[in-house]
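S.K.: Residue numbers (my numbering), protein chains in the order written: chain A, 1 to 407; chain B, 1 to 557; chain C, 1 to 384.
Honestly, the hints are just simulated from the structure, not real lab data.
Take the hints with a grain of salt, since some may be wrong.
Ranges of calculated distance between the beta carbons of each label pair, as one might list FRET restraints [unchecked claim]:
1. A:25 - B:325: 53 to 63 Å
2. C:93 - B:387: 23 to 33 Å
3. B:387 - C:372: 43 to 53 Å
4. B:385 - A:133: 50 to 60 Å
5. B:385 - C:70: 24 to 34 Å
6. C:250 - B:387: 52 to 62 Å
Stretch by stretch, here's where chain B covers chain A in the computed footprint (C-beta under 8 Å, at least three residues) [claimed, not checked]:
7. 98-105
8. 179-185
Glycine included, each C-beta is placed from N, C-alpha and C at the ideal position.
Each chain is listed here by its residues.
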Amino acid sequence: MVKINLDNVSKSYKKFNALDHISLEIKDKEYFIILGPTGAGKTTLLKIIAGLIKPDSGKVLFDSKDVTNNTSGERNLGFMFENYALFPHMNIVENISYSGRVHARDTRNTKTLVDQVLMMTLLTGRDDAMPEELSGGMRQRVALCRALLNLEQTKLLILDEPLKALDAGLRMSLRRELLLMAKSKELELTVVHVTNEQEEAMMVADRIAIINQGKVIQVGTPNEVYYHPKNLFVANFMSEINYFDGICKKEEIPTWDILKESKRGDKFYAEIHKVSIPIPVDIGMENLFAAYIPKDRIGEIQNGDKVLLVIRSNHMKIRLGNRVQQKRNAILGKIHRRKFMGVFYRFEVKLNVKNQEKIIIVTIPATSEIHHTFLENLEVTVYFPKELGILFKHPGENVIKEVLKLE
Amino acid sequence: MIGETLKRKNLNVEIKWEEIQLPLSLKIEKFFSKPIYRKSLDSITIVFFVLVIIGPIINIFSTIFLNIPSISEDVFNDDLIGNLQWLNILNSLGVSFSIAAIAVAVDLVIAFPISIILTRYNFRGKKILDALVDLPMAVPTSALGFSVLLYWGIFGVEPGYTLIILGHIVFTFPYIVRNMKIVLEKADVLYEDAARTLGAPGITIFRTITLPMMKEGVIAGAILAFTRSLGETGATIIMAGLVETAPILIVGFRRQLELPSASFLAGILISISLILLFSMKFFTRKVGFPVKRVWPNIERFFSHKYFRYFRDALMMIILISIFLIPSFFILSQIFEGDLIGELFLGQDYKWVYLYASFLSSIEIGALAVAINLIFGLPFAFIITKRKWGKVITFLDTMLDIPIAIPSAALGFAIFLFWGPAGLGLFQPGFFMILFVHVSFSFPYMVRPIIGVLESANIGVEEAARTLGASNLTVFRKITLPNIKQGIITGSIMVFTRSLGETGATIVVMGSIRTIPVLIVDWVEANAFPSAIFASTLVILFSAILIFALRTVRKRKR
Amino acid sequence: MRNLPTIELINVTKTFNEGRVLAVDNISLKIEDSNYVFLLGPTGCGKTTTLRMIAGLEKPTKGTVVIDGKDVEEIPTEDRDMGFIFQHFEIFDHLTVWENVTFGLEMRGYEENYIIEKAENALRTVELLDYADEFPSIFGNPGMQKLGIARAIATGAKILIMDEPLGSLDPKVSKVFRHELRNLIKDLGLTAIHVTHNQEEAMAIADKIIIMRAGRILQMGTPYELYENPNSIFVANFLGETNFLQGFVLKILDNEEMSIWIRLGGPKLNCNNFGNKFNLDDHIVISFRFEDVYLFPKDYEFESSPYDWSKIQLFNAKLETSRFIGATKRFYLTLDNGDKFLSIKPGTFEESFTAGEELIIGIHQDDIHVFKAPKNLIYELSLS
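Excised from the complex, chain A in its bound form (with noise of 0.2 Å):
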């Protein structure tokens, strides 16, 4: 049993911020994934749960029972380090029966314990190996040894970027590891896991935690962060995407609220922008489409709002020829370039608005048909379901340059 409560908990150094008022709450039994990018303050909210960092201020408790003031040592856990930390010069089982001997627990039960450890991560014969002899998958093993065997009764695992050492095709297979061993009969886990890898964490999470600058954003189960991102950094942080600008219009449809488009919010956007406010939504005019979005996507937006839409390139569709009845959810342009990437094919879709060039990403599961006939320069038709189109309170150019940026 352990359900871990943060309660407003900040820190800082020196100026730089790194927690602001987190407050989170880890259930029992669940797999937790803190996800963000580098600099987010990940590695610092895990310490304190820990009681490696001390926070500045705010509360944590494990079982409803504050903690705040007791050692690392006094909350028994399990703690896997980004680079493993393995301690260099003891051997693996002298690594893995450490947290056994400091605790003078029974060493015959902890030797029978390592042995099965040993045996379970494939490593029996290796006892006597140093660290350094070791592959990156095996450390890692007894990385996450050496940290299960600490458990007593709580059962909490904490991961720090447990994957990133590895190698890109042994990190895909060991995700679905992880998240067995958290969820198996015998162990039943509490599992706290930070990463900066939006597959790794759709993969195993129960539910997500997304930060940034050390501030939660959104926490969700995988779906919900997904479909129904709360900002445009959580959109644009789970996948690729494409953005618009505009102005929401009702329509006199029942049901529906209209969404009048013009121009990916480069710098030319202020023009553009002007151009398409008096232009009626059955538009024959090139170039501009009409969002339509059904009325449980949109919120709080009201009619003449400022707003911002988001669809990711995922959920968009293609077609060959622009032969559109009606210029809804759907949009023209030219394949700019295509790229064969396994599972999907990418394409970029050059749009042609007033002069100005705006590209469109599509990408769509790749078909031998895909592979014949959707060929660059060629006239296509892009568009996407309605209910996939999220929409935003427009945020301001700033935080738009901010979010996208590559930083």
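Given the coordinates of chain A, assemble chains B and C onto it according to the supplied hints.
M.R.: Just chains B and C now, kept in the frame of chain A:
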């Protein structure tokens, strides 16, 4: 879309390769980047190294070997005194070793907590404390020894065995703390964190995780301190009273021109130091610390924070009362006694001597820096960049010899090699002092440069080469700015070491006096106020240098 | 199409530590017709060494490197006129952004106006012109790498060499950055050689991929060729996500087709056997991509669909669990004999199956690749 701009902008300037003239500096550098020039520089450097460092040491052993009859006559079967000389030598060795052992042991006990406090804790005034602990390394030992003499004089400690130990504790301490600090800063806190999450109490973490990682630094520091204590002369003369340590005996032999006895003793000292050095190089990896066994309950009990507070407070008190105050006690004595009358108005023009020896000290220091820089830089490159396998290992070990062996013995070896008894190229005096100083301070220049070269990123040099820079251009534009800190550190270290050296100087000095020697002379002549003034002067001067060094280091981060 | 430079390695071998470590084992390759080439392989496969030999930072122990028809053995790195982009950027941090970019131009002795124009262009290309007078320490990793790119392209080198250029960036950033990198190289018409261990990155942006393992080249070709026709189990496994099942040849049907058993009482499938590579009772391994596995509910009416089912292999499997990961949904499936495999569908895939449900699995015969079972399957399937 990036790249579009570049395409759109039409380039009007067309360049033809044949017409391009490289600027002269690049041309010269390209020319001299040829392997042949590099090889010649390497050879010159190694010849220098062999002549200055290895030659005199080999020479002293061959001298002993060739002079076995006269040594046995002088040392073991003297007509007048029989084997008294040998008994003296044995006695002095015993004194020197016991002093060094005790001093290092005391230093170690205190250095562990202090180095941890200085690396792992954060508190106000940490930087000042850090600088104060480092400072005695830069101050001439004779000034330090004099300060210690005055301080313990208050408590009635007379010159002699005990006082020597108290003095040696003071000036060897920084070497140990410094080495520990370096390894502690390098050792990742990550491992200690990992042990904390696994439930290990503080003492257990220190013993099982931190200590093994500090191992090399602890051993290196201890041996360095041991050999420094073994070889120290200036302060020891001041504090010794009637006790004779080995270096004092060498100085004495040299003064009385008993060269066979002197070379015999110097040979013994050098051999022992070399054995220590090689055993350090060889055994450091194999020495194990007790990490397997754990006494959980006892260690958990003693890891309680009150014990920690008590220990830290105790160590701070010891640090202040045994190290810091004795080191700088002399500054409070400046107004005692009739300074003006003795220094400026005396019959013997003491101030003229002070001025002259201060100048000589600075001249010798500056020249030593310059020479060491010229040969030290290529030598550091040889050690770090050339792939000569065993040769590099050999040179690397040889490089530590001048640090490890007592400077009085090294000075004497050089005197024998270059002086009238050997090649006869130099007479005792300015150039020979310079020669000796270059020799024993060489590693102090090379080590920091090797340090920065090893940690310097080879990647940027490769990047520069892929961009079209020849090897020498890479050195000038990329490598040099990156290793500047190491060069400055090395230069200041060399300068302070040269400024502070007594024993080696006395052996080869002729009629010239350097500041530390002058202090020793004045103390021996009971001219305390003048000696205090001279000491204060060099302590302040060293403090400025250390301050400069730390600013340079800080800017690096 | 402009003339692209050619790079050729002929029987190149490289050993380290006096021959004790064999990094590159007698490889030959020629790069001439594509501009974005990847050297792809697991850590320690020799790809970086190969790259460094092309750049002249390592000398081959044996063999020759030929660039544009010239043997470059005697030409030092600085005269090879290549741009090099490093994983850890290797920016000169004691120089300003501007001095970094002009470094290579000055080394070539160009006149000042030309240097200014070229450097401005390069900085504008990576959108760093505003920071010209700053020191690079103000940048995060992405900014550093942009500067690294600007520095490498400013000299006008026609060959760009990149060692894990995206390896130090956050995953999200590197996913965006890689497309920009590809576009840049296309726009400038450079020949780029890019080393990585990340197959996803290689598939996403390569024109041509060279797969290396243990110092040798396993296969080279366009991403499409390699993905559709891997020549070994390792390549099939390394490039993309693939299921592997073991079985035996049950029956040779005709010249092009055979029938196989999946071991331990698994289903019977028809596979292609072009050129009669396999004989009766051969122990084999079959592979098929995750995305080539079609899922149908138990009660699906195949007859009512107009589709041609003749080449689709159908069999039963149980759905263990499924997982939504955004762009895709993953289905974990088990055969009656306990063998496990996976299917992935687009994230928008609408059919909802429940865990534990019996499903009908369809795989197109052409999507199944058959390999002879190797002696050490675990080694072939390990990704290192």
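S.K.: Each hint should be assessed against the structure and marked as holding or not.
M.R.: Against the structure, the hints:
1. A:25 - B:325: 53 to 63 Å: Cβ of residue 25 (chain A) to Cβ of residue 325 (chain B): about 56 Å, so the range 53 to 63 Å holds.
2. C:93 - B:387: 23 to 33 Å: With Cβ atoms ~27 Å apart, the hint holds.
3. B:387 - C:372: 43 to 53 Å: 44 Å, holds
4. B:385 - A:133: 50 to 60 Å: For residue 385 (chain B) and residue 133 (chain A) the Cβ distance comes to about 29 Å; the hint is violated.
5. B:385 - C:70: 24 to 34 Å: Roughly 29 Å apart at Cβ, these two residues keep to the hinted range, so it holds.
6. C:250 - B:387: 52 to 62 Å: Given range 52 to 62 Å: holds, Cβ gap about 59 Å.
7. 98-105: The restraint on the segment 98-105 of chain A holds, since 6 of its residues have a Cβ under 8 Å from chain B and three suffice.
8. 179-185: Our answer is that it is violated, as 0 residues pass the Cβ test (under 8 Å) against chain B, missing three.
The structure fails hints 4 and 8 (numbered hints given earlier, in ascending order).
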